[in-house]
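Peer 1: As a plain string of letters, each chain reads:
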Amino acid sequence: MMKTRTEAIRAAARTLLEEGRVDAVIGYVQGTIPLRAQPFVAYTPEECDRFIWSSFCGGNLASIASGRTDRVAVVAQGCVSRNLNGLVHENRIQRENLYIIGVPCIGMLDQRKVEAKLFGRNIEFLKRDPEEDLGEIVVGGCNAMGECYEEVIKRRDVKRDNCYTCMHRNPVGADTVVVEPVSETAGGDINAVATPWMRFDADRRWEEFAKNFEDCIRCYACRDVCPLCYCTTCFVDESNPQWCGKTQDSADVQTFHILRAFHCAGRCTDCGACESACPQGIKMRRLTSMLEKDVRTLWGHEPGMDSTTKPPLSTYRPDDPEDHFK
Amino acid sequence: MQHRILSKDSLAAFLEGLRKEHVVYAPKRDKKVPNKMVWKILEPGESPLFEFANTDMSPKDFVFPQSECLMRFRTGEDGTSVLKPIEPEPRKTLLFNVRPCDGKGLSFMDMIFCQDEQTNDVYWRDKRERTLMVGLACNNPCPSCFCHEANCGPHSETGLDVLMTDLGTRLLLKPLTDRGATLVDGLPEAAPGDVDRAEELKGTVEASMKPVIRTEHLEARSLMDAYNLPYWDRVCEACINCGTCTFVCPTCHCFDIQDETTPDGEEGRRVRNWDFCMSPLFTLHTSGHNPRGKKMARVRQRFMHKYKYIPMKRNGEVGCVGCGRCVRLCPVNIDIRDVINAMNAPAEAKPEGQEV
Amino acid sequence: MLNPYLPYPVRITDVRVETEDKTLRTFEFEFLNPKDAKAFDYHPGQFAELSIPGVGESPIGIASSPTEGDRLLFTVFRAGSVTGRLHGMQVGDVMGVRGPMGNWYPLDAHEGKNITIIAGGYAVTTLRATMVWLQDPKNRDRFGSIDFIYGARTPGMLLYRDEMAAWQKTGGVNCHITVDREFPGWTGLTGFVPTVTEQVAPNPNNAIALVCGPPIMIKFTQPVLDKCGWKADQIYLSLENRMKCGIGICGRCNVGHQYVCKDGPVFSKAELDQLPVEY
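Line order of the protein sequences matches chains A, B and C.
The working numbering puts the first residue of the first sequence at 1, with every later residue one more than the last.
The working numbering puts the first residue of the second sequence at 1001, with every later residue one more than the last.
The working numbering puts the first residue of the third sequence at 2001, with every later residue one more than the last.
FYI, nobody ran anything at the bench for these hints, they're computed from the structure.
Among the clues, some could well be false.
[What the hints assert, rightly or not] List of simulated lysine-lysine pairs, DSS-like, C-alpha gap at most 30 Å:
1. B/Lys1032 with B/Lys1008
2. A/Lys283 with B/Lys1036
3. B/Lys1127 with C/Lys2113
4. B/Lys1032 with A/Lys293
5. B/Lys1210 with A/Lys127
6. B/Lys1031 with B/Lys1092
7. C/Lys2219 with C/Lys2113
8. A/Lys117 with B/Lys1031
9. A/Lys117 with B/Lys1294
10. B/Lys1028 with B/Lys1210
11. A/Lys283 with A/Lys310
12. B/Lys1294 with A/Lys211
13. C/Lys2138 with C/Lys2113
14. B/Lys1028 with A/Lys154
15. A/Lys3 with B/Lys1210
16. A/Lys117 with B/Lys1202
17. A/Lys211 with B/Lys1028
18. C/Lys2138 with C/Lys2219
19. C/Lys2269 with B/Lys1294
20. B/Lys1294 with C/Lys2035
21. B/Lys1036 with A/Lys113
22. A/Lys154 with A/Lys310
23. B/Lys1210 with B/Lys1036
Treat the numbers as computed from the prediction; the structure is a model and nothing was measured.
Make the full structure from the sequences, and use the hints.
Peer 2: Have a look at this one:
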């Protein structure tokens, strides 16, 4: 748990509820096992004392706010605040009903990477979770025989992939920001994420794509955690007409991922929640990175930087001057 | 049946013997996702891993595949099409190093798939009969495990053909079924000291697992009282209604049946696929009416099913083996142990999730 | 080894359009293999999965009575993909029937009692089976009076209208057939089922009631039965839920710990009072 951010979030949330400015605050509470955080909706000032901020707040709380009609405050780092802006634009939330508690973010950690480093050992606690990008976390645990260990791990070695190339770590359009801003970008080159795809020919791209998604079990955690995916009935669930088969046939699985990626193109903030949510550890961003790069380079659009700009793929003009669009 | 002993040095030869009649699978580290354990074929010359928590997916897929063709049809010359069941594959599968919770999981599902004369799932039964399980007792349960409180345990034997206990350089093998006895036939008999050592380990491991859930009030509580707990409104707030918890669960068994045809409609198949109660489609009537249309109702369904409905129907058996997969893999960390405790909270207390 | 997912092949031997809006058709099936007809041993109140290869299955109540011989009747509302395809099928077409499934109306357990049947809309199908069964010479004397209350929106939406007229004449039963309001040429009762039930005022002494209909009808009929002194354990209802396997495994039809497909579809009101309203 990050102490300064945690205390500031609790204070901000408590004040909002005490003053009756919102009906609920959406944030995270400590997970029931280390390296996890649990989304939580607080309705009373007392409940706000359960809020935390840690290196493992890797979901996306905008999804929980989406569609709510009460007045909510949402604890949001850069990517999540941009999703909230997008949801306001798409009329999923009314701006006057929304209060963004902004949290400058030093990047979330990938629990899978931490677990891989400690493979075969139980992780029972996260002892240190510093509020500095290049800090070190301390995790540890004991086995059934009572033999214990502690391990120091550098944050930069176990960050989530998307957090290495984050372009907006500070909240965008927040109503309040709980700590001093951090450096705006994480340092990595976001366009480089898509580079391997650009090198591949079509056959190789397909091969890599197929391999990347072959373990998908169609639990739809990626879709369900994503704030962009709020269709009442997802195309993949539609039964009349049925667009997509329901089996594990690779064509059906691939159809789901391709269509979802395209549906989200130009709206995705690269929050990484899909990858964090996936029980199979599938790298969705291998697919979205190329689409988002195209959106950035072809239209110069960065999703969610305000709540008024239409995403380029939601606009259409018959006289569109762009060659790539014809 | 007599315990046997197997030195890890002689493991390769033992596995080679098993391979003569079975395709042998074992938990292996995933190549792509390094913290993940997956069931893969154990190739000749490859040593199985003994230091691991458990596979991310349960082995239920071997008996109840996520997608399974049940029948096929081809339109005849007279224009009629009649469904014909697929022929079962003759191959025998051996799962090596199955964790006891997963042995119990398949045994639990025997009760669901083969209830009586009418409810006797031939597809399940056939594959179950052709799947042998050599279990590996858990000597190091992880913090999300609670098998000891879910009618199971780290050294549970239910459902397995052989239970192995890792004694360091050697494995103690306890045959539990006739076919298990056949598998270990030929291995040297274990000395009494080895059996004692395994018992001692079992005691140590069980003692290391702290009590985390209580169910006494829940058992006494009526179905409708549990159903109407105000807690459900809160736990569902975090749930994203995905299928992760059900798909990774070794006892979740809900499925859908779908027909698929070639574009000309001349040939086709009837397939069953895993389905999940979290999906709004699961219960949606053709009329548009949905008996569990609200997210809260669907979240409640899963936990009520496991800890109230199944116990009511199956003499106190719970639909959970305490493997902890859903705890570890839920994208929003909804912890079934918290939910059980909330379902068990005395009526006076404010039923809310506990911070652990 | 019996495969519970494998339908019996059947041939359509008759198709009747039942209602003026053509949304309901009755299909008559004969088994392709006579031994399947023997194996298909059923009771009024049970249902079966109608199975069309390439499209899927739909659970439908059996409208025929086993006393009518080997042919099966199903009256089907055109709603989804399976029933839609079925409505396009013709005499001679071959498809599948899987069943019989579920429990049935507990008539044998209530031998000697008076029977009140209350039905609305196209939920009447398994109650037709029941009425035919009750009027069979082998069964009629085993029960007391039989009251049959049935309503539809319009005369043209009444199912089995001609048969019901015949029951009234020959079966020793009291039929109370009603439509929502007056129509030219309609000389029978008018008004909703709950209202007609109130007029008939069925006597609960030594009696059971079987009630099937849309939720709104059941909701307003219940207070009428309460007023007449009916107890929850005398009233039986038949539930419908989405189903796939039909044999109590696949999980989607459950209401509390009960599976509608296997433990139901028939439940007493007393049983339902202890269960969530997830139907």
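Peer 1: Of the hints given before, which are not true for this structure?
Peer 2: Hints 3, 9, 12, 18, 20, 22 contradicted; others consistent.
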